[in-house]
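Given these sequences and hints, build the entire structure.
Per our numbering: the sequence shown = residues 301 to 729.
Just so you know, these hints were derived from the structure itself, not from any lab.
Careful, some of the hints might be misleading.
If you anchor each label on the Cβ, the simulated ranges turn out as follows [stated by the list, open to error]: (1) V602 - E501: 40 to 46 Å; (2) S351 - A614: 27 to 33 Å; (3) K442 - A496: 42 to 48 Å; (4) P611 - F503: 21 to 27 Å; (5) G558 - R675: 18 to 24 Å; (6) F676 - R516: 36 to 42 Å; (7) F523 - L613: 42 to 48 Å.
For glycine and all other residues, C-beta sits at the position ideal for the given N, C-alpha and C.
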Amino acid sequence: MIRLRNATADTFRSLRNRNFRLFFTGQLVSQTGTWLTMITQTLLVLRLTRSGIALGLLTASQFGPVLLLGAWAGMVADRSDKRRLLLITQTAAMVESFALALVVFSGQAAVWNIFALAGVQGIITAFDNPARRAFVVEMVPKDQVANAVSLNSAVMTGSRVVGPAAAGALVISVGFGWAFLLDGISYLAVIYGLWAMRPSELFSGPRAKRGRGQVREGVRYVFARRDLSVPLVMMTVIGTLAFNFSVTIPLLVKGPLGGTDGTFTLLFSAVSVGSLIGALATARRRTVTGQHLIVAAAGFGVAMLLLAVSPNLAVAFPVAALVGLSSIAFMTSSTAIVQVLAAPEYRGRVLALQAMVFLGSTPIGGPLVGWITDRFGSRSGVAVGGIACLAAAAWGWRAFRRPEPSVDAATVDAGELDRATAETVALAR
Numbered sequence: 301m302i303r304l305r306n307a308t309a310d311t312f313r314s315l316r317n318r319n320f321r322l323f324f325t326g327q328l329v330s331q332t333g334t335w336l337t338m339i340t341q342t343l344l345v346l347r348l349t350r351s352g353i354a355l356g357l358l359t360a361s362q363f364g365p366v367l368l369l370g371a372w373a374g375m376v377a378d379r380s381d382k383r384r385l386l387l388i389t390q391t392a393a394m395v396e397s398f399a400l401a402l403v404v405f406s407g408q409a410a411v412w413n414i415f416a417l418a419g420v421q422g423i424i425t426a427f428d429n430p431a432r433r434a435f436v437v438e439m440v441p442k443d444q445v446a447n448a449v450s451l452n453s454a455v456m457t458g459s460r461v462v463g464p465a466a467a468g469a470l471v472i473s474v475g476f477g478w479a480f481l482l483d484g485i486s487y488l489a490v491i492y493g494l495w496a497m498r499p500s501e502l503f504s505g506p507r508a509k510r511g512r513g514q515v516r517e518g519v520r521y522v523f524a525r526r527d528l529s530v531p532l533v534m535m536t537v538i539g540t541l542a543f544n545f546s547v548t549i550p551l552l553v554k555g556p557l558g559g560t561d562g563t564f565t566l567l568f569s570a571v572s573v574g575s576l577i578g579a580l581a582t583a584r585r586r587t588v589t590g591q592h593l594i595v596a597a598a599g600f601g602v603a604m605l606l607l608a609v610s611p612n613l614a615v616a617f618p619v620a621a622l623v624g625l626s627s628i629a630f631m632t633s634s635t636a637i638v639q640v641l642a643a644p645e646y647r648g649r650v651l652a653l654q655a656m657v658f659l660g661s662t663p664i665g666g667p668l669v670g671w672i673t674d675r676f677g678s679r680s681g682v683a684v685g686g687i688a689c690l691a692a693a694a695w696g697w698r699a700f701r702r703p704e705p706s707v708d709a710a711t712v713d714a715g716e717l718d719r720a721t722a723e724t725v726a727l728a729r
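This is how it looks when you write it as structure tokens:
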């Protein structure tokens, strides 16, 4: 019993910080609403078009602004008070959700205005994402950064368990508009949490000074360091072809697996259950190495291939959970590496670049995977993602094995590494 209590306390140790506890609670409510809207948008576009390309274009509308604005938005995060910036972005996102509800309730819902409002949300996300992820580091001491990152991932993935299931229930029972309305209301939780924080208890680092060429400087900083560039290149490949669940899963369920809208939301929730388990498991890990990153990417690839060949829903549900577990293990490892190793004055720009290659790769990968599913079948779209993960893992393994002058192989330890003066380290032993 004592051992179990200690393990639980270790898993949730960053919640001892009041500011992070407020943020964690608000995010749990708000992100559930966000996934409620994302799944509802997917179901609405699928009902209007029944097209894989249309679903891909929806994701392109949602994440295209991240690709276009991501680096500049990261510079804004580096220069800004991140708490105040998040208050602005979360309020704007709330207004956008209410606008979606108004469009549906007024009977004016069409593909063009759904895409347009998704684009507005994408602009908000471009600024919100680097600020929110960099802000996690400012709410906890440096020895709790890896734990806070994992718990923040647990919030994001835990919300995907409830959000998709709620979307299916609401769409079936009361319609699309109520889902969008509830999402708008859910933003009040995180807005209150940000407002109620104590700024004096934040662990804020130095802000980047205003100047010309800061975006280019951030890019050069990343690609001068293999420990940052390799995870980002892997994320580019995997983000483009594998993380297209909102395109591949509904078409797989409603195609060869013979499911319905409700079945799709439940299978998406199964992915999220696996993600939650993976996030909580990695929250106990105090160190992150390149081996964690490579193994997680390879596991993600195998799981995707198994999902592609699943003969029925009974097999697909547990495999979907495995997809979620391995995908969040890859995401958490990559994020922890980048957050711990990036110097404070570059962290916003580095995280923005990560968001660009992950979320920003969707405008390319979403329509491409949608075309593949329309042309060759939904199983092919899932299989392409699995092959991409395995290829990225193989490339990353070779990249980390190449000798780098004057750098010793080391483990990234969030409790010992000084994030302000972090040296370049090799991530694999």
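Hint-by-hint comparison with the structure:
1. V602 - E501: 40 to 46 Å: Distance hint for V602, E501 holds at roughly 43 Å.
2. S351 - A614: 27 to 33 Å: holds (28 Å)
3. K442 - A496: 42 to 48 Å: Given about 24 Å between the Cβ atoms, the range is violated.
4. P611 - F503: 21 to 27 Å: Given range 21 to 27 Å: violated, Cβ gap about 51 Å.
5. G558 - R675: 18 to 24 Å: Given range 18 to 24 Å: holds, Cβ gap about 21 Å.
6. F676 - R516: 36 to 42 Å: 40 Å Cβ-Cβ, so the 36 to 42 Å window holds.
7. F523 - L613: 42 to 48 Å: With Cβ atoms ~44 Å apart, the hint holds.
Checked against the numbered hints given earlier, the structure breaks hints 3, 4 and satisfies all the rest.
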